[in-house]
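Using the hints provided, position chain B relative to the given structure of chain A.
The listed protein sequences correspond, in order, to chains A and B. Residues 139 to 747 (our numbering) are what the first sequence spells out, left to right. Residues 186 to 546 (our numbering) are what the second sequence spells out, left to right.
Read the hints as simulated data drawn from the structure, not as lab findings. One or more of the hints may lead you astray.
Unchecked claim - List time: in silico SDA-like cross-link candidates among lysine to any residue, alpha-carbon distance up to 25 Å:
| id | chain 1 | residue 1 | chain 2 | residue 2 |
| --- | --- | --- | --- | --- |
| 1 | B | K303 | A | E346 |
| 2 | A | K212 | B | A515 |
| 3 | B | K437 | B | F462 |
What follows is the residue order along each chain.
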Amino acid sequence: MKQGFIYIVFLVFPFVLTAQQDTIQHIDEVRVYSKFSPKDQIGYRIYSLSDSVLQLHNYSFVHLLQSKANIYLKQYGNGMVATMAMRGTGASHTAVYWNGIPINSSLNGQTDFNTINPAMYQHIAIRKGGGSVLLGSGAMGGAINLTNNISFLNQTKGSIAVALGSYQTYNSVFTINHSSRKLALQAGGSFIQSQNDYPYLGSDRTNENGAFKNFAVTIGLGYKLQENSRIYYKTLLNNSDRNTSGSLSASSKANLVYKRDNHLLEWVTANHFYNGRLKLAYTNETYQYVFDTDYPTNFSDNKGQKWIVNYMASYAKNTKLSVQSGITIQSIVGEGTNIGQHAEKNLSVFTGLNYTPATKFKYNVSLRKEWSDSYKIPLLVSVSGAIKWNNHWLTTYNVSTNFKSPTLNDLYWQPGGNTHLNPEKSWNSEVGVQWKNDKIKMMTNGYFIQASDLIQWKPTTDNFVWQPVNIQNVNIFGLEYDINYNFQIKNHKTRFGMQYSYTLSTDKNTGKQLIYVPYHKASTNVEYDYYTWKFAYNTQYNSRAYTTTSNTSFVPGYWISSIALSKVVVADKLHLSAVVKNLFNKKYQIVSDRPMPNINYKLNVQFKF
Amino acid sequence: MYNSNFKTMIKNAFTFLSLLLVLILQSCETSSIDSPEPQGAYENGFFIINEGPYGNGSGSLTFVDTNFNYVEQNVFQNVNGESLGNVVQSMALSEDNAYIVVNNAHKIVIANRFSMEKLGSIETGLNNPRYMIITNGKAYVSNWGSPFDSTDDFIAVIDLDTNEVIQTIAVSEGPEKMELIGDKIVVAMQGGWGFNNKISIINTSNNTLQTSIDLGYIPNSMIVKDQALYVLSGGIPSWSWTLPESAGQITKIDTDSFTIVDTWDFDTSAHPGFLSFDGTSLLYNLNGNIFKWNGADALPTTPENGLGGYYYGMSAKNNLLFTLDAADFASEGTLKIFYLASNNQIQSIPTGIIPNAVVFN
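Only chain A is shown next, with the shape it has when bound in the complex (with noise of 0.2 Å):
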């Protein structure tokens, strides 16, 4: 018990006072974490999923941002790359963390949310709105951590789950957790493989060349140097072995197989009023695309690495008053077949001020510099608060303006590659209302983001070579509505959540609305509980999808829902669960011409000690 209360203090501190957490947690129970600590998170929204929440969703982190972060997310066929336009934006607006460290793609900047197995993490969080001044380069839209938790409370803990599903299906994961009071290891490991030769509905053709394959490992160790002093070492191993699938018009070979690695040593000091995090971090991803599976030996080979030193603190002054600094040098190189050897670093340094002039009312300002060898990046601030105006109402508000630096392919990419290029800016601007009792809570956020400078490939008039341009500029105008309503009557347990949003996105130069950006998106969840029987229902739905600039030809709206049951057979030991998506056996398309799958199903055993 004392160490679990050492454990919350150490993590929360100094904020555990004055910190909101329902002003931003929104799903499930809380856990706080690092990076998105939640006194830095003061006016934004912030989607937390816990462990169970993982567990439960062990195959699909698509399936599980769709339907409880409610994201539109772009995706090539089932399991192939998956990529996020949050809020509007493009797949390298959300900047993803791993236990705080930038992962997305030094080449291509951004996260295939395919080749991640939500049930490797303990926690992970989705936080909505522009977040570079806290975040870096990226958080135009949005951001996403994902985060291993280290604990030592001296106790042996595991799992085992399996499952089968359609499609030669085959899914396993397990975790470990081992402490002594002083010393700790946490790890998991999963493997997820596939055929995933669906039939096309409507037609006699099935999904050709979709096989896959994804194998991870996490390790994490943690030691306790003193009660004030942590040191932690956390390390993911992640395969991903894809062949690229088909589709309606184009047959295909091709293979693709991304790697990636990385490496944490973190050193955590806290007391009171003072609470400082040293991180040392390596990544190394490789992209290996073989164009013809029949002549394997004929591949390009791509491959980013990356070195962080960061240095984070935050001093409380007292309960009111409390700030937080950082400093990040970050260096990167990148090496392969299309783009040469190029390195690039970067330094930036962080301030931020959390005021609390009275219970009711808090802000935060920050700032943040950052300097790169490869192009200028510009000042960044940003102003959040919130005001609780009483037990029922909360209004919230940020204004920030935020960069996406340009990709290593964006820059040397052969042929086109464009070194002259600038950082993509925008300015962010978000209110947020809420409302709750003890049943409901209710959230409507309306949000403008101006993008400028967007990087676009564009063909060039040099025998049409496609070079990256600062070109595009984009206003995105949304709104977002929350409902999330839970009551209990004696055993019977229900849980309601309705999400909904409207996404107005639209090129400056030609008043349209960007490719594959729904206008509308909404997602239903309905649970109940019954002593040791779970049933879910998720239903979802997205209205169409431009795609062509002209706004001329779109992939139609689509609307599917997904079934669970599950039982807990012996308590902590053993758990089942069964699963059916697209339930209704609905003909969609997220990309044109590559149809998704019809119903299927999964069975899922999990084993706990």
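Only chain B this time, still in chain A's reference frame:
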């Protein structure tokens, strides 16, 4: 206070639910706008080849009648209820059939050239097919092969009775456009994913590579005029990372002996394209301008007034110039037709996505 708030909230929630229902009902929609009924007769007019959206989706054909009165988009889709496939590169015509080369789908779709009804497809033996030429019941198709192998490029020989690849002829990197001259096929070795500087002569009597002729880098277009073959080479562009920038060139080749008769060089930074022939003059596109040339004198230095533009495709016929503008390469393009006697634009016709050529039926 609590109660009234609560009621309002519930009311709002219901309003929202109904809105959602409307959205869901709305979702039964189809994915193309303004598709007219197929006319079913495409004898008198021409097709525009539309490559289609980059990366995903299908290319298409646009039909325009001889008088430019009737324009139909998505012709093949309208007639057959299916799309052509990813990256429609080119089309070749036999007496009765149209052969549509679909590059990234590695296939050739066969349709009746007058009704556009699909007759079949050739899907084996091709690897990144580009262009096709027909002679004596056989088709010759240039193929780039794998992007990571510069030595696997070939010409596929197809028997048009069986629609099977009966032979392949290995060639150097990047075979592209072809011209039939007697029983010889001249292949412009444009370079594919790399750069090349040759034309190759295929002898169709024994289907062998007879000879290759070195000329300017990136031969991108060819015209036969007065027993001579004019090859326009674009030269190595400024963005090349393997070779230094080089000048564009026009090479005149005797079609009997297949020897170089004459050459004309451009400036090192000038990279012309789209050599065309309107019946009297040769035309080409350079830096957004159109130049007219008689095929004998020094290259012109003054561009034609009123014809300029950064075109993705261009051809001439009967004193008319057809230019294709692919706009932003992610939406509909435009065909502009100019009357070459006066250089007046006489038509502007919307096309599909990324139009690259006009094929006269």
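The hints, checked one at a time:
Between the alpha carbons of K303/B and E346/A the distance comes to roughly 23 Å, so the proposed pair stays at or under 25 Å and holds. Simply put, K212/A and A515/B have alpha-carbon atoms about 17 Å apart, close enough for the 25 Å limit, and the pair holds. Restraint check for K437/B and F462/B: satisfied, since their Cα atoms lie roughly 14 Å apart, inside the 25 Å limit.
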